[in-house]
Every structure is written in C-alpha cells, then in structure tokens.
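Peer 1: Spelled out from the first residue to the last, the chains are:
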Amino acid sequence: MSEHVATHDDHDHGPEKGLMRWVRTTNHKDIGTLYLLFSLLMFLIGGAMAMVIRLELFQPGMQFVDPQFFNSMTTMHALIMVFGAVMPAFVGLANWLVPMMIGAPDMALPRMNNWSFWILPFGFAMLLSTLFMEGGAPAAGWTMYPPLVLQTQDAFPFLIFTVHILGLSSIMGAINIVATILNMRAPGMSLMKMPLFVWTWFITAYLLIAVMPVFAGAVTMLLTDQYFGTSFFDAAGGGDPVLFQHVFWFFGHPEVYIMILPAFGIVSAIVPTFARKPLFGYSSMVYATASIAFLSFIVWAHHMFTVGMPVAGELFFMYATMLIAVPTGVKVFNWVSTMWRGSMTFETPMLFALGFIILFTIGGFSGLMLAITPVDFQYHDTYFVVAHFHYVLVSGAIFSIMAAAYYWLPKWTGNMYDERLGKIHFWLSTIFVNVLFFPQHFLGLAGMPRRIPDYSLQFADWNMVSSIGGFAFGLTQLLFCYIVYKTIKGGQKATDRVWEGATGLEFEKLSSPPPYHSFTEAPQVK
Amino acid sequence: MYQTTKGNQLPISASNNTADTHQIVVRPNASLTPGGATLFFACVSIVSLGIAIRFTLLGLWMILPFALLELALLGACILYILRRNDRMEAIDVDRHQLILVQKDHGRERRQQFQRYWVQIIREKGTHAWYPSRLLLRSHGKSVEIASFLDEEERQQLEQNLRMAIAAG
Chain A
1 MSEHVATHDD HDHGPEKGLM RWVRTTNHKD IGTLYLLFSL LMFLIGGAMA MVIRLELFQP
61 GMQFVDPQFF NSMTTMHALI MVFGAVMPAF VGLANWLVPM MIGAPDMALP RMNNWSFWIL
121 PFGFAMLLST LFMEGGAPAA GWTMYPPLVL QTQDAFPFLI FTVHILGLSS IMGAINIVAT
181 ILNMRAPGMS LMKMPLFVWT WFITAYLLIA VMPVFAGAVT MLLTDQYFGT SFFDAAGGGD
241 PVLFQHVFWF FGHPEVYIMI LPAFGIVSAI VPTFARKPLF GYSSMVYATA SIAFLSFIVW
301 AHHMFTVGMP VAGELFFMYA TMLIAVPTGV KVFNWVSTMW RGSMTFETPM LFALGFIILF
361 TIGGFSGLML AITPVDFQYH DTYFVVAHFH YVLVSGAIFS IMAAAYYWLP KWTGNMYDER
421 LGKIHFWLST IFVNVLFFPQ HFLGLAGMPR RIPDYSLQFA DWNMVSSIGG FAFGLTQLLF
481 CYIVYKTIKG GQKATDRVWE GATGLEFEKL SSPPPYHSFT EAPQVK
Chain B
1 MYQTTKGNQL PISASNNTAD THQIVVRPNA SLTPGGATLF FACVSIVSLG IAIRFTLLGL
61 WMILPFALLE LALLGACILY ILRRNDRMEA IDVDRHQLIL VQKDHGRERR QQFQRYWVQI
121 IREKGTHAWY PSRLLLRSHG KSVEIASFLD EEERQQLEQN LRMAIAAG
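Going down the list, the protein sequences come from chains A and B. So in the numbering used here, spot 60 of the first sequence is number 60, and the numbers just go up one at a time. So in the numbering used here, spot 35 of the second sequence is number 35, and the numbers just go up one at a time.
Honestly, the hints are just simulated from the structure, not real lab data. Predicted model, so just to flag it, every value in this text is computed and none were measured. Heads up, a few of these hints could be off.
Said to hold, decoys possible - List time: in silico DSBU-like cross-link candidates among lysine-lysine, alpha-carbon distance up to 35 Å:
no., chain 1, residue 1, chain 2, residue 2
1, A, K277, A, K493
2, B, K103, A, K193
3, A, K493, A, K509
4, A, K193, A, K277
5, A, K423, A, K493
6, A, K193, A, K509
7, A, K17, A, K509
8, A, K17, A, K489
9, A, K493, A, K17
10, B, K103, A, K509
11, B, K103, A, K423
12, A, K509, B, K141
13, A, K493, A, K193
14, A, K489, B, K124
15, A, K486, A, K423
Work out the full structure, taking the sequences as your base and the hints as a guide.
Peer 2: Put into structure tokens, the structure is as follows:
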C-alpha cells in the first residue's frame, strides 16, 4: 500500500542525503556542480601532463621521459583539456546558469542531464587507463591523423570508444540546453531578451549538434580501417589520408568555437556589471556570435594549408578565415565601448574578464597571421601555432571560466570568495601565462617544430623561460583550488545581488545561495 | 472546452475564483510552439544531413548513420517536449463538486468527485526521479494529477487545491 510521505506543510523538498544524491540527482544545480568539479579535476590531470612536457623541454636533450611517452603526454594533455576540462566546465556553467537566467525551474530533460554527466567519468577512466596498456597511451596527437594513429597499439580501440562516449555526452548535453532555452523560458523572456551567455550557449549547442556526427563517423572509419579491412584513409587500398584531415578539421574548427563562444557570453555578463553600464550593442553581439558560428563551417582547411591544395582553395580559406576578424572585432569593440566612461571597479571577475579581452585579442592577432597562406607555410607545425592556440584557449577560454567562477561562486555558495587571494591568483596567472606562452611565438618564428621532446641548442633559452612560466602557472592554479574550497566552506555572506551592478534573473530574483528548486513560480520578465 | 494554450504560460494558474467556485489550471511551462519546434528541427536537419550527404558522396558514408541517429535522438526529445507541453489539467471546485478535466494529446477525460469526500493524497513516487505523486481519491476511485509538474510545483498545487476545497 502506498505511503503518505509528507503533509501539505512540508514544502522544503531539499536534496537527497548521502553520496547517492550525486549519483541519482536530476537537479540542474547538482549536475552543474558535478560538471564543474569534474572539469577542475581534469584540469589538474591535464595540467600535470603539461608539467611533464615542460619539464622535458626545460633543457635540450632527453632528460626525464622517452619520446613515445612525451608524445603520449602531448596527445593526452590535449584530449583531456579539450574534452575533459574546457567543454565540461562550460556545460557545468550552462547547467547552473541557463535555467536561472531564463527563469526555468530546471533543465528541460533532467534525467538525460544525469546521463550526460555520468558517462563522462567512465569515458575518461577508459582514456586514462590507456597509460598502463601495452604500447602506452595514444601518442599521435589529438587530431588522430592516419596513418600515424593506426600505429597506436592496444590503446587504439579504447581511444575511439572514449571519443564516442564523450561525443554522446556532448550531444545529449547540447540537446538538453537547446530544449531548455527553447521551451523553458519564463513568460516575457523573448529570444532577444535572453542574456548573452544563454545566446552564446544556444549557438554553441547548435554547432555541437551539427558537427559531432562528423567526428563520430571519422573516428569510426579509423576503427574499421584498422580492424575491418576498409580503406577510407589508406592510400594503399584506394583511400586518402588527407581526406581524414579535411573531415577532422570540418569538425575541429567549429569545435574550437564551441570552446570560445560561451566565453564571449561570460565576458558579456561580467563587463557591464563592473562598468555599471548596460552592454553596448546587444543585438550586434548576438548577430556577431551567429556569424562566427556560420564562418566556422567554411574555414577548416586553414589548418592544413601545407598538405597541397589548389591556389583557389588556399585563397578562399585565407579570406574566409580573415572574415572572422570582423564579428570578433565587433565583440571586442562592444566590450570596450561598454567600459567607456563607465564607473569601473576591478574585482577579480572583472580582472579576469579584462585579461581575457587583452590576451584573447593577442591570440586573435596571431590567428590572423596564421591565416595568411604564404606565411603559414613557415609557421605551420611550429611553436608559433602552439603559442596561438594557447593564448586563445588558456588566456581565452580558461580565463573566462575563472572569471565565471569568481563572478557566480558567491551566488552559488552564498559566500564571498577571498578578494585578496583572488587578485593574487589573477596577477600570478596573468604574468606567468605570458611567461609561459609568449616566448613560444619566438621559438616558432625561429623554426622550432611542435610535438618534439628534444630541440636544437638555439631554442634553449626561450624554452627554459617558457618552462619556468609553465611551472609557476601550474602552481598558481592550486591557489585557485584553495580559494574555491575556502569559499564553499564559508566566508563573508554574499547579498542576493552579490555585485552592485549585477543584473539578470539569477541576481534579481533568487537568493544567494539559490534554493534547491528555483523559480517554482515563473517570474514575469519585463 | 479548455484550450491547451501555448507560449510562456505559467505552470499553475487560478481563475474565475469567487467565494464558492475555484478553478485551477495546470499546464507545463512551455515557451516552444509546435511551429517553432518544426522550424528548429528543420534548421538542424538541413545542416546536419547536408554535411553528412556531402561526405557520403565523397565516400565517407559512415558519417550519415551517426547524423541520422543524432537527429532521431533530437527529434525524439522535441516530440517528448511537445507532448509534455500539450498536457493540461483543469480543476473546477464549486459548492458541491470537484470536476477534473485532463487533456492529453488531444484526448479529453472528465471526472467528477464530491467535494466533501474527495481526498488529496501525496504518495511516495516510484523512483528518486519521481519523489511523489499527487492523487485525488474518493469512493474507491483514484486519479493521479500534475504528473508533469516538478516536485516543487506539485507541492504548490497541493496547497492551492487544499485551500480551494476547504474554502467556502
């Protein structure tokens, strides 16, 4: 017979108690927290691999690891940072923020949300287990170009299966975010009233849905080439290995924007708050984001100018790539215009947002240099490329995630973080990220190839500087872990609005921390 | 009789309330219209299938099955959401009776209870994902209501319903 579990006065339905709360939860806040903590763990693991890379490159000659393991480290570092740290961090932020920003009580498909997260740890456990397999972990680069990747030994099928699991998780996450944004908006929350973080995630989710099958198909064809006698990418059987590069980058370039568009949304939330002015050019920001997403489909071959391409093709991809500077410039100018004559203050989230704008723009400029086809013939596969994409991904994407963490952590926990420690974290991160990556421009221009464990003597000085920057940047991130831990444990109580200039439903309508179930009555948006 | 209206409706709304009569309408929060859903699915399908077919023509046919699988999942999720949006329950309480009208995917079911005998019961759900079920019960007849609401909304409805039955 059924059991009457609560009286009508029992309205504070909170989370389940114990560890199983986290396994069975369908609450968007719980799942957002799981994603964010998981991505922090992956950030530390991927960061430890980066430390191995910088340790080996500290001096010329082979010191600590053998070349095969070094290549495994570069490959695993990239896979873990892209699919384990940056993407889950943005999905975690979306889980926490999208429902609160649009006035929804939860995600549209809460049970699928639970699955999306919980398949991730299995995927990464499988990927990390390859470190202990015969032949070692995958070492052919995150791009998995054949025929090199087909030399991977026991780890190969596990790599492919991991990619499928991560792809499935991403697709389910993207569908959920799209469904939430389309169906769960509060009355009055029209599309053009949505916060930019929601817009950028909506467009990101669209990109994910569009390109993930391409990646899944490509890696499956690698698998059948290896084990089932097909020759999709095997020249001996009539296939074409260069075709894999086209397919990979058709996925890979939108993937790069998948990792940066939500960052634009975060910065667009933070800058107006600390400039105490509304965002300049909201509509143009939306259209610029959509333009970047569209252009991401037609620029993939700029990653492979040197494979041999008709001049017309090279020209097309060069000009298409340069076009991206237009909508990206619109964004940068809008952020600067928002700050123009604003009543600016420089709390930690704003510092990280400003760091993002300046350093991401440097990464954008080196990207423009790489887009120039004849010049790229010299830069291709050198440390200049490594410097470029780390400026975009570390001081771009990861700085934005740090900014978001400082900005919304008081809202999530109800406690203010330690501002002094936050500022120390920012300055150390900013100084050392430049010490780490700026010299890599010089190394690349001087001709140092990427993915090598040893190098000529003329590259020694800047490699040593870069490694010192790397170790210091890595250690600084432990301070971030401490700040987050300290904030979760306690601290000065945050107000509901948290920041004087903060706007949006999560700051105006919800307490700090928000109730376990928020917006049980849909707010009216004016 | 009752229209299942779309577009940013509140999940629980009360209307026509007087001292003796109360009407509570419950529907899932929905900002997505069937037209909007179709447009979105078409936009995704054209791009996804266009890419997959182009690659198939280049000999890379394995992308197409993955694109189809993904679109099937997306389509199923959208259909599920639209079906959930289409549900509506109206509860009319007057001096003597409680009339429940449940509309689900075009089907309308109308049930009548005596106001003085009807019980509102919250049972434990079958799974942690369904913490509780809300039932109207009278004379051996029991009907589940508001299964499409989240837990907090269901608790709010229970409170509103108890007040409506107790009033007058």
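Peer 1: Evaluate each hint against the coordinates.
Peer 2: To see whether the hints hold, each was checked on the structure:
| no. | hint | result |
| --- | --- | --- |
| 1 | A:K277 x A:K493 | 25 Å, holds |
| 2 | B:K103 x A:K193 | 32 Å, holds |
| 3 | A:K493 x A:K509 | 17 Å, holds |
| 4 | A:K193 x A:K277 | 16 Å, holds |
| 5 | A:K423 x A:K493 | 19 Å, holds |
| 6 | A:K193 x A:K509 | 16 Å, holds |
| 7 | A:K17 x A:K509 | 27 Å, holds |
| 8 | A:K17 x A:K489 | 18 Å, holds |
| 9 | A:K493 x A:K17 | 24 Å, holds |
| 10 | B:K103 x A:K509 | 32 Å, holds |
| 11 | B:K103 x A:K423 | 57 Å, violated |
| 12 | A:K509 x B:K141 | 41 Å, violated |
| 13 | A:K493 x A:K193 | 30 Å, holds |
| 14 | A:K489 x B:K124 | 33 Å, holds |
| 15 | A:K486 x A:K423 | 15 Å, holds |
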